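> So you can see what is in the structure, the chains are spelled out below.
There are 4 protein chains.
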Amino acid sequence: MVIKILITGGTFDKEYDELNGKLFFKDTHLPEILKLGRSNLSVEVRTLMMIDSLEMSDADRQIIINHCKQCKEDKIVITHGTDTMDITARLLGLAELDKTIVLTGAMIPYKFGSSDGLFNMGSALAFVQTLPKGVYVVMNGKYFNFDNVRKNKSSGIFEELK
Amino acid sequence: MVIKILITGGTFDKEYDELNGKLFFKDTHLPEILKLGRSNLSVEVRTLMMIDSLEMSDADRQIIINHCKQCKEDKIVITHGTDTMDITARLLGLAELDKTIVLTGAMIPYKFGSSDGLFNMGSALAFVQTLPKGVYVVMNGKYFNFDNVRKNKSSGIFEELK
Amino acid sequence: MVIKILITGGTFDKEYDELNGKLFFKDTHLPEILKLGRSNLSVEVRTLMMIDSLEMSDADRQIIINHCKQCKEDKIVITHGTDTMDITARLLGLAELDKTIVLTGAMIPYKFGSSDGLFNMGSALAFVQTLPKGVYVVMNGKYFNFDNVRKNKSSGIFEELK
Amino acid sequence: MVIKILITGGTFDKEYDELNGKLFFKDTHLPEILKLGRSNLSVEVRTLMMIDSLEMSDADRQIIINHCKQCKEDKIVITHGTDTMDITARLLGLAELDKTIVLTGAMIPYKFGSSDGLFNMGSALAFVQTLPKGVYVVMNGKYFNFDNVRKNKSSGIFEELK
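Protein sequences, first through last, are from chains G, W, F and R.
So that you can map any letter, position 62 of the first sequence is 44 in the numbering used here, and since no number is skipped, the others follow by simple counting.
So that you can map any letter, position 157 of the second sequence is 139 in the numbering used here, and since no number is skipped, the others follow by simple counting.
So that you can map any letter, position 134 of the third sequence is 116 in the numbering used here, and since no number is skipped, the others follow by simple counting.
So that you can map any letter, position 36 of the fourth sequence is 18 in the numbering used here, and since no number is skipped, the others follow by simple counting.
Quick caveat, the hints were computed from the structure, so don't treat them as lab data.
Computed from a predicted structure; not experimentally measured.
It is possible that some hints are incorrect.
Each pair may be met inside one copy or between any two copies, as identical chains are not told apart.
As the list claims (entries may be wrong) - As a list, the in silico DMTMM-like pairs of lysine to aspartate or glutamate whose alpha-carbon atoms are at most 25 Å apart:
| no. | residue 1 | residue 2 |
| --- | --- | --- |
| 1 | Lys81 | Glu(-3) |
| 2 | Lys54 | Glu0 |
| 3 | Lys133 | Glu(-3) |
| 4 | Lys135 | Glu0 |
| 5 | Lys17 | Glu141 |
| 6 | Lys17 | Asp68 |
| 7 | Lys133 | Asp(-1) |
| 8 | Lys93 | Glu14 |
| 9 | Lys81 | Glu26 |
| 10 | Lys93 | Asp34 |
Using the sequences and the accompanying hints, generate a full structural model.
Written as structure tokens, this is what we have:
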């Protein structure tokens, strides 16, 4: 079994530019995260884009959906900014692919020491191996169906709609 | 749904004693790990012992089995030293409890910066929510049935027996 | 001997706001840094402001100079954003106080794991104990006289003017 | 000006062996520390030995003294285990070399996240540039003359004898 990991950016992969004091994207930290977790899973990592999810366009989302459709793997983890993760999840859910797709992200950049990224990636890789076909958001140790999830903007915690 | 987390020690919770230069156990870091992972799961944490798994006796294992039997939760995660995790898993499996029980641990102490503990706890908490009743070892991003797992002593990686 | 430590903000003390993804100031991390360094020095810490040094006004600089003048200690370390550290140093130098004053800062926030802050604070506290009366910038393991220093904007390294 | 850095091991450079759960020495972390501190000093690093200072023999100390004598630099920092740092300092002091020699170390291994090593190296490199010829121990933000220092075994803090 091979798990596909699609990278789209988000807080997960943000870094601090020490020359201008701004946050920016360079490369994904996913290989580092898998190594730190001593992961022994077979994975295929593919970077689709490196953007803040607030700047993700419909065209960007179409790229993600197309990759999920066309890749040969039927277990897919997508790293994604948390602000619009629910929107992308919903579109992926409506696409009705016969695959298990898990979106996850982080509230704090992986490079900043106190990140939840390593925990979330551990959860996401576990859920993608065991959940039935469908599209899920994985955050805060939980999984949510694509049509029943939102980020609570004031607490930063993901919760069910109803 | 409440997940029971039983603490038994292991590398996970080892610390460095700066006065004598030795590794030792003080308190479990589990609450810290759950906070770092922004876990929003309902958990009940109980420390049963704080020992190196090479020093775990049959009586210690009986304590673990008894707690798994008697607690009201049917989803249980046990943190455990990696060296004899397979032995405890086997005994728990033979006890044939009608629960989902996941044993996990770490190769590097949580406090040492480069630990796999946060990743493993993310995986373990996800697997315990989704795997059918049974006893499992969760390491390296994978789950293993209690009767088909060992730690490869030269690589430190968990693998199937056959 | 008591060393005065004046806090003005700068990269040193920036944190990541996980709700809006922006960098911000909360409290100084100086007590944490001194504890991590197992410092046994007698220090008096005073927060004067918490600002990015690009936003430091003449009035802000006057506050810093006044505090250096009026405090009873004659060894002073000032944490300061790196972008305009040389400007504040120059003004302090022209004030011709009969004290040893050291300005230092960080290229990466202390909370981001890969910070130079702990190293710089170690240097600054050592230099302030041993350098003769005067005003100095301490960065990159070196000390610079107030009238012979600038930050190289493209490399981020502090260097002499001539 | 070039600063010589002599490596002898000590807690500073200890690592955790994840296969056997023991602490061990591999390579020095000094280049990493200097990079993290964004040090721009000219240094010459030389590893003399990699040992726990409790195991340092008279012959080992003679090697250290010989290197201090023979090297062309007159500013030397020595990383050393804290348990017998005062003994080596005393022997170096009695050798009456016309150089500034600073011994420093760490209470927690550099790799364990919460180390004082970065702070101590920042101090040591600053003190070696500014103190007059002599032999010093630098710990806890302070410098001590070679003939007036000991490690308080119960607090782990360095203090004057009188």
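> Now tell me, hint by hint, if it's right for this structure.
Evaluation of the provided hints:
no. : hint             : verdict
1   : Lys81 / Glu(-3)  : neither (32 Å within a copy, 39 Å between copies)
2   : Lys54 / Glu0     : neither (40 Å within a copy, 35 Å between copies)
3   : Lys133 / Glu(-3) : both (23 Å within a copy, 22 Å between copies)
4   : Lys135 / Glu0    : between (29 Å within a copy, 10 Å between copies)
5   : Lys17 / Glu141   : between (30 Å within a copy, 17 Å between copies)
6   : Lys17 / Asp68    : between (28 Å within a copy, 23 Å between copies)
7   : Lys133 / Asp(-1) : between (28 Å within a copy, 16 Å between copies)
8   : Lys93 / Glu14    : both (10 Å within a copy, 17 Å between copies)
9   : Lys81 / Glu26    : within (16 Å within a copy, 33 Å between copies)
10  : Lys93 / Asp34    : both (16 Å within a copy, 22 Å between copies)
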